[in-house]
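**Student:** The listed protein sequences correspond, in order, to chains V and L. According to UniProt numbering, the first sequence is numbered sequentially starting from 1. According to UniProt numbering, the second sequence is numbered sequentially starting from 1.
Just so you know, not all the hints are guaranteed correct.
To be verified - Restraint-style ranges between C-beta atoms, simulated for each label pair:
1. 138/V to 316/L: 33 to 41 Å
2. 49/V to 270/L: 21 to 29 Å
3. 298/V to 264/L: 50 to 58 Å
4. 277/L to 138/V: 29 to 37 Å
5. 100/V to 213/L: 47 to 55 Å
6. 296/L to 153/V: 33 to 41 Å
Source of the hints: derived by calculation from the structure; they are not laboratory data. Even for Gly, the Cβ is constructed at its ideal location relative to N, Cα and C.
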Amino acid sequence: MEGKRSNTQPLTLIRKIKGFTRSIVEDLARGRAPLIYIDRFRNYCADTSGNCSCSSGLSTGKEAISLKREFHARRLDVLLRVLLIVQQLLQENRHGSKRDIYYMHPTVFKEQSVVDRAINDICILLQCSRHNLNVVSVGNGLVMGWLRYVESGRKIDCISNPNTAHPIPVHVEEVDDIISVAQYVLVVEKESVFQRLANDQFCKRNRCIVITGRGYPDVPTRRFLRLLIDKLHLPVYCLVDCDPYGFDILTTYKFGSLQMAYDATFLRVSEIQWLGVFVQDCDNYSIPQQCLLPLTVEDKRKVEAMLPRCYLQSEVPKWRFELELLLHKGVKFEIEALSVHSLTFLSHEYLPSKIHNGGLWIKLDTIQAVIKGLKRKQRPSIIELEYSTENLKK
Amino acid sequence: MTDDLCRLTVKLTSFSRFGLPYVRISVSDTGVGGKLEDYQYLKYRNNPILANHWDGMISLATTSISDSEIHNLNLNLKVSNSAGRLTKLPSTAKNGAKFSGTEVSISISKSLDDLLAEITCFLQKKVVMELLVGGDDPLVSQIESRILAIEGSSVYSPVESIECLKVGLKDYVCKHQTCFSVGENLKVGTGVANSSGSSQGNSQVVEAVVIISEMSELVPSSCIGEQDMKTEVKQWAAESSLPDRNLARKAVKYALDDIKENNQGVLLSTRALKMCDYAPDLAKTLACLILSSNDLNFQEECCALLGVQSQEVNTDNFGNCIREKIISVIGLNDHNSQKRKEAQTFLFEDDCFQKEDFMDEEYQEGEETYNSLDV
Chain V
1 MEGKRSNTQP
11 LTLIRKIKGF
21 TRSIVEDLAR
31 GRAPLIYIDR
41 FRNYCADTSG
51 NCSCSSGLST
61 GKEAISLKRE
71 FHARRLDVLL
81 RVLLIVQQLL
91 QENRHGSKRD
101 IYYMHPTVFK
111 EQSVVDRAIN
121 DICILLQCSR
131 HNLNVVSVGN
141 GLVMGWLRYV
151 ESGRKIDCIS
161 NPNTAHPIPV
171 HVEEVDDIIS
181 VAQYVLVVEK
191 ESVFQRLAND
201 QFCKRNRCIV
211 ITGRGYPDVP
221 TRRFLRLLID
231 KLHLPVYCLV
241 DCDPYGFDIL
251 TTYKFGSLQM
261 AYDATFLRVS
271 EIQWLGVFVQ
281 DCDNYSIPQQ
291 CLLPLTVEDK
301 RKVEAMLPRC
311 YLQSEVPKWR
321 FELELLLHKG
331 VKFEIEALSV
341 HSLTFLSHEY
351 LPSKIHNGGL
361 WIKLDTIQAV
371 IKGLKRKQRP
381 SIIELEYSTE
391 NLKK
Chain L
1 MTDDLCRLTV
11 KLTSFSRFGL
21 PYVRISVSDT
31 GVGGKLEDYQ
41 YLKYRNNPIL
51 ANHWDGMISL
61 ATTSISDSEI
71 HNLNLNLKVS
81 NSAGRLTKLP
91 STAKNGAKFS
101 GTEVSISISK
111 SLDDLLAEIT
121 CFLQKKVVME
131 LLVGGDDPLV
141 SQIESRILAI
151 EGSSVYSPVE
161 SIECLKVGLK
171 DYVCKHQTCF
181 SVGENLKVGT
191 GVANSSGSSQ
201 GNSQVVEAVV
211 IISEMSELVP
221 SSCIGEQDMK
231 TEVKQWAAES
241 SLPDRNLARK
251 AVKYALDDIK
261 ENNQGVLLST
271 RALKMCDYAP
281 DLAKTLACLI
291 LSSNDLNFQE
301 ECCALLGVQS
311 QEVNTDNFGN
321 CIREKIISVI
331 GLNDHNSQKR
341 KEAQTFLFED
351 DCFQKEDFMD
361 EEYQEGEETY
371 NSLDV
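Required output: the full structure, derived from the provided sequences and hints.
**Tutor:** Structure representation (structure tokens):
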């Protein structure tokens, strides 16, 4: 179920902002330096023992902001400026984007990430999600397929033309009356692949919903996907490039991002299954050598930095194995490399083979895994299925 | 030398010898130091009353600014042969310290109470008279009142003594500032450091007065003389013994603390000054957070906390009030962090910065250590 925070109504948040401001004024009036504690969150660590509490969604410590360090003073300055804007947005019931906020004091903020951090700090202080502050990001995601919903009283009917892209709603909390006849949700990393599928009328041939976050997924995309899965209880598959960035994007969908770890419980789609493309796909689908690119030094560094993440070891060891394999092989390739056979190879051959077999096998696999899981308490994974089909082919 | 301040100290120490009460009278000055010949040919008229109380022995300690040691000698005035009067004693090293002065001591068989009244009376007459002769300076009246205040006080009081020193130093600075009225721009701090002393009871007291003269930015640079830009350290050895280096540091530290306590935002560390730069922005945003709230009760509550009349409030005056509070808190923090350091390590150590309790990843090392106050 989508996590719901309690007490995130605008009036409650305004009251919390006043309480925060009052505490600073009280400190100053009494000649005390204000000391602000901000909980720290992380959604992974490098502890491979399995004893960490990263997946719990609980804070892992506190950060103290005081008037004793210059960088603290600067952080407090930014935090208060953003808080003032948030207070205005909430009082006037208006919405603003992170970028709008940045441009209100660009010389002070200097870069967007400074504003982003302040927004995260405020969310932690007020114990709410970003959208509760009426701060929204410009919608980046796209959706198509067998889906109909109402957004702020307006009906969005994707079913009438399932291969037409619709922007993912920015105000996900205003989405209602979701109706779908889809059998699964397919998340693709890139817009180019999304458009390839639209062009190939993929949704006409397959009863599904296709979503793309166009790279690293933004908050509305992840919240919308979370909402669909919660409402429709459909299996959800993810198709990313076979490179470190594709893998990182996949983990962002499944485990959330480190920057917004405080909200990971409400943003992650832990049901997501990795459909491809895998290192072995270049052999299985006869992708010629010239379509493969060597991993760069930066790629290798990124893989090595990702490998120790605790959740890979504890929750998806086979994903981690794939990542090791990527490093070992030293090559990467994009989803589009499948077009070496034909433009429609992805939608006519690759995906159906994965999902049809997958779908079939997932059902069997799920049953087997449930039985196994009851014995071993392990989750089913699409990768298990891949290996099963491989074995069958051999 | 007329411009240099000279400090005259009279010290009475009581002790008993053969069951009789004795008082050692030491008169010391911070003048240029004496020549031995000046004492060698001192005339001594035999006074039978005095002869009953005094053995004719004078202990002398004198040093000039260029001397590397303090010369100690005894002078027996009852010896008629002037060459035989003088006995040289081992000198005391000055260990590189720069000061000058002379201390003359005699021991009288008399009770302290009897002597104190006489000497106080004598000093009042003498010193006040000298000052009146000395000039038409308005500060004379202040000094006079200080001296009158000593009357009736039977013990040496560093607090009163340092007040005199403070007045004198202020006067000195005022005389040396060239082109603008400085009276109101002077920040004065005093500090007294005591050593508990060894088992022999030779405790030391070091008094320090620090005066900071603030330059107005409006004063044209052509008007500021070399004297105005100078940092001067004036030192007097109040007693013939060398002032302990750490004690002197301590006294100066206390004097600086005194300035900090009485003058908000003065003598802050580099770090605190940097943070003060944020005070106007922080204050303005806080003022806006309060004043843009649509909750009037909340606004009134904050006004009450800050002691501002809510009817007269606008972003400017409210912001100014908050800014002052922030700067005061930064100053207080800075002051306290210095005190904590002191408790942990030795004073003025360059490496004595303090580790914060947590989250110290961006600590900039050494930013607020004192380097230049080595007196």
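**Student:** Output the numbers, in ascending order, of every earlier hint that fails for this structure.
**Tutor:** Per hint list: single violation, 2.
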